[in-house]
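The residues making up each chain are set out below.
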Amino acid sequence: GAGVSQSPRYKVAKRGQDVALRCDPISGHVSLFWYQQALGQGPEFLTYFQNEAQLDKSGLPSDRFFAERPEGSVSTLKIQRTQQEDSAVYLCASSRTEGRQPQHFGDGTRLSIL
Amino acid sequence: AQSVTQPDIHITVSEGASLELRCNYSYGATPYLFWYVQSPGQGLQLLLKYFSGDTLVQGIKGFEAEFKRSQSSFNLRKPSVHWSDAAEYFCAVGARNQGGKLIFGQGTELSVKP
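These protein sequences, in sequence, are chains A and S. When we follow my numbering, the leftmost residue of the first sequence carries the number 1, and every step to the right adds one. When we follow my numbering, the leftmost residue of the second sequence carries the number 1001, and every step to the right adds one.
One chain only, chain S, in its complex shape (with noise of 0.2 Å):
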């Protein structure tokens, strides 16, 4: 069965320092893969999206993402966080053929310190 983990429940990183949040997938083939953020009471704002190709994929806000099929892993980086960062984080599996909906992680909560 296709399943999304996040491993960390909540992160907290000061501002300014790197950070790198993890997505492991499990799904028979490729899959589509995708980071979203959540604000409270807010929709998913999309932050960059993987289908094919070049494994290292940059999205919106100064976010990276790497797909690295070994270890059906999709982890999303960012060299210095900004306090407007502070959100909840969704990795999604898109199932390629039915019809793309999304399989979406726990999510990870992400606070700043100042």
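Just chain A, same shape as in the assembly (with noise of 0.2 Å):
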């Protein structure tokens, strides 16, 4: 696609519930990045995959959080046994390869923990 694809949009469950957040980069983009935005702050880096390598995850705030790339293409974002401060949107970003490349956004996954 022209863009980063994120989805679903809005993810409602209930704590303790499992989620799965999925990203879509653009096609050939070798960089992909998981990004965290509390409401009213600055999104926060979670994990970095360099194609099905993940080379960075010191951002995940926990071990119920994982992320994976198996093909280098579309990754998931799971969150096991949610809890209330995981509401957030979850932003997905790609780019050409890392470093100088400007990333591309997702427009984000809501995320609601009731």
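Hints listed in this document are in silico derivations from the structure and should not be mistaken for laboratory results. The structure presented is a predicted model; accordingly, all values stated were derived computationally and were not measured. Note that CB positions come from ideal geometry on N, CA and C, so glycine has one too. A hint or two may mislead.
[Stated by the list, open to error] Under the rule of at most 20 Å between Cα atoms (straight-line distance), these lysine to any residue pairs were calculated in the SDA-like manner:
#	chain 1	residue 1	chain 2	residue 2
1	A	Lys57	S	Lys1049
2	S	Lys1049	A	Pro102
3	S	Lys1049	A	Thr97
4	A	Lys57	S	Asn1097
5	A	Lys11	S	Ala1001
6	A	Lys57	S	Ala1095
7	A	Lys57	S	Ala1001
[Stated by the list, open to error] Which residues of chain S face chain A? A partial, calculated answer using Cβ under 10 Å:
#	residue
8	Ile1009
9	Phe1034
10	Gly1043
11	Gly1094
12	Phe1104
Take each chain as given, in its own frame, and dock them per the hints.
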């Protein structure tokens, strides 16, 4: 597609449920990033992939958060045993390579935990 | 530690007036610098970027920014604001040796008076 696509756009889950958020990057983009944006805040880095390799997961808040990109294109961010503090917008971004290349963002998934 | 500070949480300007949004960063070397804009419910759109060279960079929608190493600043400017510029603006630092992950400021919300 023309841009980064994220699904679902909105997700409501009960505390304790598991959720999975999907990101379709721009075709051919090597690098893929996940960010978490709390209400009224700037996005915060979660994790980074180069092709299928997860090179940096230093921003994942806990071991309940898991991300994968098995074939180097589509990525899934999974959150297990969700908690209310997980409520946020989750943004995915991709770039052609790393570093100097600007990141193109999707519209995000708004996750609400009840 | 790397950080980005946007001192102004909310700015209101009249349509047609000039605009300057402030951004200060903390980084051990010369960083990659970006400005993004976010409309409600949308992802982030890149306005402009600085990697090296000319310290005055031009972006889309008539925006420009100037990198001042001595002040660790990268302020965004526009000579004449349009009502459609009302949005949230984020300054970001890209870590050169960390895959290009972005560190964002908290954002500045811009309102435009008719």
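Numbered hints the structure breaks, given as an ascending list: 1, 5
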